[in-house]
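Protein chains: 2
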Amino acid sequence: MGQIHLHMSMSLDGYIAGPDVSVEQPMGVGGERLHQWLFAEPSDAEDDVVAGEMYSPAVVGAVLMGRRHFTVGIGQWGDDGAFGMPCFVVTNRPATPVVKGPTTFTFVTEGLDRALEQAQAAAGDKHVNVMGADVAQQLLRTGRIDTIQLNVVPVLLGGGTRLFDRLGPTELEQVAVVPTSTVTHIRYHVVSPPG
Amino acid sequence: MGQIHLHMSMSLDGYIAGPDVSVEQPMGVGGERLHQWLFAEPSDAEDDVVAGEMYSPAVVGAVLMGRRHFTVGIGQWGDDGAFGMPCFVVTNRPATPVVKGPTTFTFVTEGLDRALEQAQAAAGDKHVNVMGADVAQQLLRTGRIDTIQLNVVPVLLGGGTRLFDRLGPTELEQVAVVPTSTVTHIRYHVVSPPG
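Heads up: the protein sequence lines correspond to chains W and D, in order. Numbering of the first sequence is given in our numbering, commencing with residue 1 and proceeding in unit increments. Numbering of the second sequence is given in our numbering, commencing with residue 1 and proceeding in unit increments.
Please note that a few of the clues may not be correct.
What the hints assert, rightly or not - Across the chosen pairs, the derived CB separations fall in these ranges:
hint	chain 1	residue 1	chain 2	residue 2	range
1	D	MET1	W	GLN36	13 to 23 Å
2	D	GLY101	W	GLN36	40 to 50 Å
3	D	ALA40	W	VAL98	27 to 37 Å
4	D	THR109	W	LEU38	13 to 23 Å
5	D	VAL59	W	LEU38	30 to 40 Å
6	D	VAL59	W	ALA40	28 to 38 Å
7	W	SER56	D	SER181	25 to 35 Å
8	W	GLY124	D	ALA58	52 to 62 Å
9	W	ALA40	D	PHE39	50 to 60 Å
10	W	ARG141	D	SER22	23 to 33 Å
11	D	ARG144	W	GLN36	45 to 55 Å
Unchecked claim - From the structure, some residues in chain W lie toward chain D, with a derived Cβ separation under 10 Å:
hint	residue
12	ARG33
13	LEU38
14	VAL108
15	LEU112
16	LYS126
17	VAL152
18	PRO154
19	GLY159
20	GLN174
21	THR182
Said to hold, decoys possible - So the derived list for chain D, only partly shown, Cβ under 8 Å to chain W, looks like this:
hint	residue
22	GLY78
23	LEU156
24	GLU171
I should point out that these hints are in silico values taken from the structure, not numbers from a laboratory. Virtual Cβ for every residue (Gly too), placed ideally from N, Cα, C.
Using the sequences and the hints given, assemble the complete structure.
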């Protein structure tokens with residue numbers, strides 16, 4: 001079975017979105033700054049390895065996200081749904097699947113554990129990518145994230161959604177650091193889950 | 001005149017000390033983890049440059065800190081006071097200077113601006129190093145920090161003292177990244193102060 005990966009762009013002060021996230025502004029006020037590095041000059045080969053492999057359909061087989069992440073994001077993800085793989089949305093509201101080209105969004109109302117099971121089954125030997133702070137924190141709290149990769153963006157947002165919040169102490173192992181001119185990619189293995 | 005530098009070890013979740021900081025436990029519960037990298041195997045030359053130069057008396061001429069930082073730290077700083085240079089402590093309580101070998105601690109009751117002036121005067125052409133979250137945030141808020149260097153430690157503390165809190169949006173420029181096996185050093189210039 002593949003691993004569970006958390007891969008996010010985070011400001012130096014720990015935010016993955018600015019304040020006032022909405023359908024009109026899915027990254028919150030000022031939060032688009034966190035994605036600027038994606039549009040910078042083509043990066044070196046090493047960067048492509050680290051940043052690319054964790055999104056590549058060759059490596060990642062499914063995505064797991066919260067309902068809010070889906071709701072504010074879907075308008076931005078285009079006709080192909082951006083991910084190109086099965087996506088599972090944890091929600092309390094039943095809904096029929098949304099299909100956007102090669103991307104399918106399946107709504108799971110039986111809780112996070114069941115959604116994760118479904119994502120892992122769909123991913124097969126590949127990894128599951130977790131999106132959004134709420135789902136990430138729930139999985140971190142119970143030791144179910146294997147790898148954390150952060151794109152640390154040189155900005156202080158000053159407010160918004162914190163990636164790491166309401167967690168216990170967790171030991172990590174730094175396994176790769178790839179700086180580019182606009183961002184620093186750092187990858188960690190989770191050694192001990194929050195106690 | 002030299003620059004104002006902020007140089008701290010920070011957990012990946014943004015803490016520079018664990019919960020319950022006290023004289024007995026100056027780094028708070030679990031906070032000593034943030035300094036483990038200092039006792040790791042000798043690092044490579046590049047690391048020495050980045051980590052070393054911002055503490056070196058050849059480059060740094062004075063230290064500015066809050067009273068609480070002094071109070072919980074002084075017991076740990078040994079007979080030589082650790083810093084080997086003039087240190088200025090912002091406080092409301094007048095106190096006579098404390099001399100520990102080559103290190104002097106001068107208590108400034110006329111406010112942070114005056115303490116910073118005194119530190120800059122003492123530093124001459126060298127930099128002033130700022131210590132502690134409270135003083136750092138006050139100076140960041142008014143755009144008076146020139147350079148931020150963080151030793152990003154692969155751990156989530158889950159609670160304690162956050163380095164970046166109650167700040168406005170601030171653009172940074174990433175100027176150096178030096179990974180070692182146990183920590184990642186990242187240096188930023190502050191481009192625009194909080195608005």
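Going through the hints against the structure:
Our hint of 13 to 23 Å for MET1/D and GLN36/W is violated, since their Cβ atoms are close to 33 Å apart. The hinted window of 40 to 50 Å between GLY101/D and GLN36/W holds, with their beta carbons roughly 48 Å apart. Between ALA40/D and VAL98/W the C-beta distance comes to about 49 Å, which lies outside the given range of 27 to 37 Å. A hinted range of 13 to 23 Å is violated for the C-beta pair THR109/D and LEU38/W, which are about 50 Å apart.
Range check, VAL59/D to LEU38/W: Cβ separation about 36 Å, and the 30 to 40 Å hint holds. The given range of 28 to 38 Å is respected by VAL59/D and ALA40/W, whose C-beta atoms sit roughly 31 Å from each other. Distance hint check: the CB atoms of SER56/W and SER181/D are about 27 Å apart, consistent with the given range 25 to 35 Å. A hinted range of 52 to 62 Å for the beta carbons of GLY124/W and ALA58/D is consistent with their spacing of about 57 Å.
At roughly 37 Å, the beta carbons of ALA40/W and PHE39/D sit outside the given window of 50 to 60 Å. Hint check: ARG141/W to SER22/D, Cβ distance near 27 Å, so the stated range 23 to 33 Å holds. At about 26 Å, the CB distance of ARG144/D to GLN36/W disagrees with the hint of 45 to 55 Å. A cut of 10 Å between beta carbons decides the hint on ARG33/W: the least distance to chain D is about 8 Å, and the hint holds.
Because the closest C-beta pair between LEU38/W and chain D is about 16 Å apart, greater than 10 Å, the hint is violated. Contact between VAL108/W and chain D, as hinted, is not supported at the beta carbon level, the nearest pair being about 27 Å apart and thus beyond 10 Å. Because the smallest distance between the Cβ of LEU112/W and any Cβ of chain D comes to about 20 Å, over 10 Å, the interface hint for this residue is violated. The restraint placing LYS126/W at the interface with chain D is violated, with a minimum CB-CB distance near 25 Å, outside the 10 Å limit.
The beta carbon of VAL152/W comes within 7 Å of a beta carbon in chain D, closer than 10 Å, and the hint placing it at the interface holds. Evaluation of the PRO154/W hint against chain D yields a held restraint, the C-beta minimum of about 4 Å falling below 10 Å. Nearest Cβ of chain D to the Cβ of GLY159/W: about 8 Å, under the 10 Å cut. The hint holds. Taking 10 Å as the C-beta contact cut-off toward chain D, the hint placing GLN174/W at the interface holds, the least distance being around 4 Å.
At its closest, the beta carbon of THR182/W sits 7 Å from a beta carbon of chain D; the interface hint therefore holds under the 10 Å criterion. Among the interface hints, the one on GLY78/D is violated; its C-beta lies about 28 Å from the nearest C-beta in chain W, farther than the 8 Å criterion. For LEU156/D, the interface hint holds, since its Cβ comes within 8 Å of a Cβ in chain W; the closest pair sits about 4 Å apart. Restraint check, GLU171/D versus chain W: the minimum CB separation of about 6 Å is within 8 Å; hint holds.
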